[in-house]
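Participant: Chains as they are written, first to last, in my numbering: chain G, 6 to 267; chain E, 800 to 905.
Derived by calculation from the structure, the hints in this document are not laboratory data. Beta carbons are placed, not taken as given, at the ideal position from N, Cα and C, and that holds for glycine. Take these hints with a grain of salt, some might be off.
Derived contacts from chain G toward chain E, CB cut-off under 7 Å, selection only [what the hints assert, rightly or not]:
#	residue
1	A53
2	F56
3	P59
4	L62
5	Q216
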Amino acid sequence: MSPGSAAARILVAALACTAAQAQERGIPLDRLKSGSAFLGADLRDLQADDFANPGMLWVERGEKLWREPAGKSERSCAGCHQDAETNMRGVAARYPKIDPASGKLLNLESRINLCRAERMGAEALRHESEELLALTAYLARQSHGVPIEVDIGGPARAHFESGRAFYYRRHGQLNLSCAHCHEANWGRRLFAETVTQGHPNAWPAYRMEWQTLGSLERRLRACLSGIRAEMLPYGSPEYRDLELFLAWRAQGLPVEAPGVRR
Amino acid sequence: MAARIQMPKQARQGELIEIRILIQHPMETGYRHDDVGHLIKRNVINAFSCRYNGEEVFRADLSSGISANPYLQFYTVAGASGELEFTWIDDESKQGLERQSITVKA
């Protein structure tokens with residue numbers, strides 16, 4: 006047998022193995038580590054400091070927007086939901102979630118914009134706009150410390166499967182799947198960085214590289230760019246499906262938003 | 800320009816008080832280019848000052864080496880009850896102003 010065909014056999018075996026593993030959890034629940042576990046002490050402290058955490062600037066803005074009437078209805082978020090600190094506790098930890106009325110899978114951002122369209126008669130907020138980031142950060146903050154727990158049954162199942170397929174599929178010129186870094190090599194060094202397990206529990210997060218707060222979708226786009234894959238446009242359903250899979254994968258990790266990341 | 804300030808509302812006379820301020824600002828360095836290759840003009844907060852009942856107790860000259868959303872922490876001695884005034888200005892001459900009151904007991 007030539008060395009080439011031996012290598013091909015190993016590859017085939019490896020691929021089959023990957024397919025089998027994809028049916029289960031890539032990282033067992035008891036080995037899950039939040040991204041903050043891979044940070045240096047300075048950034049961890051910055052995230053934990055409720056005053057100095059720069060993401061709190063957006064949370065504070067979000068609190069104001071929550072009470073501000075918008076659109077034709079001249080209703081604010083608080084007009085329906087009242088006090089976010091009590092009524093929105095734990096909500097963000099259950100997203101992405103199926104909207105029963107439309108049957109669509111919504112993440113926090115699209116939920117906010119659906120509310121604006123249907124209940125407030127207001128224009129949708131642009132992706133990565135300061136307002137949308139502020140409201141998302143404010144909502145996510147209300148679930149601070151609440152373990153992630155998403156529903157992947159019923160109508161969510163197809164989205165979950167599509168997200169999982171995206172996660173294990175190879176992308177881009179570097180021909181890598183998400184799992185090649187975040188399941189097979191977490192904890193190891195990639196240049197100056199430690200590869201994380203890639204959990205969504207700190208998002209939206211303040212990223213040092215960006216010098217600003219950004220959404221999970223922006224982070225996923227940065228990952229795609231990093232493996233030289235085509236970045237899907239903001240709002241693509243693929244991102245929401247992937248977010249659902251990521252949330253299931255991070256089940257039980259407490260929400261840390263707004264996180265601070267490298 | 801939004802800012803968050805953390806300091807005690809009350810203090811004893813002569814007590815050392817800690818003041819923390821976080822200002823939302825892009826602190827654009829002047830070295831970056833936009834998506835079409837044009838240089839983005841430098842715009843940083845270049846001066847910050849804190850006055851306690853009119854008297855300057857802290858001043859900082861900032862430049863492009865300071866990251867976005869600068870965070871400053873400094874100390875002063877509680878003198879009399881009154882007001883602390885925080886002012887800053889950026890390269891576009893936009894000014895920021897925040898006030899906090901403090902009650903000082905003997």
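Participant: Which hint numbers does the structure go against, in order from smallest to largest?
Facilitator: 1
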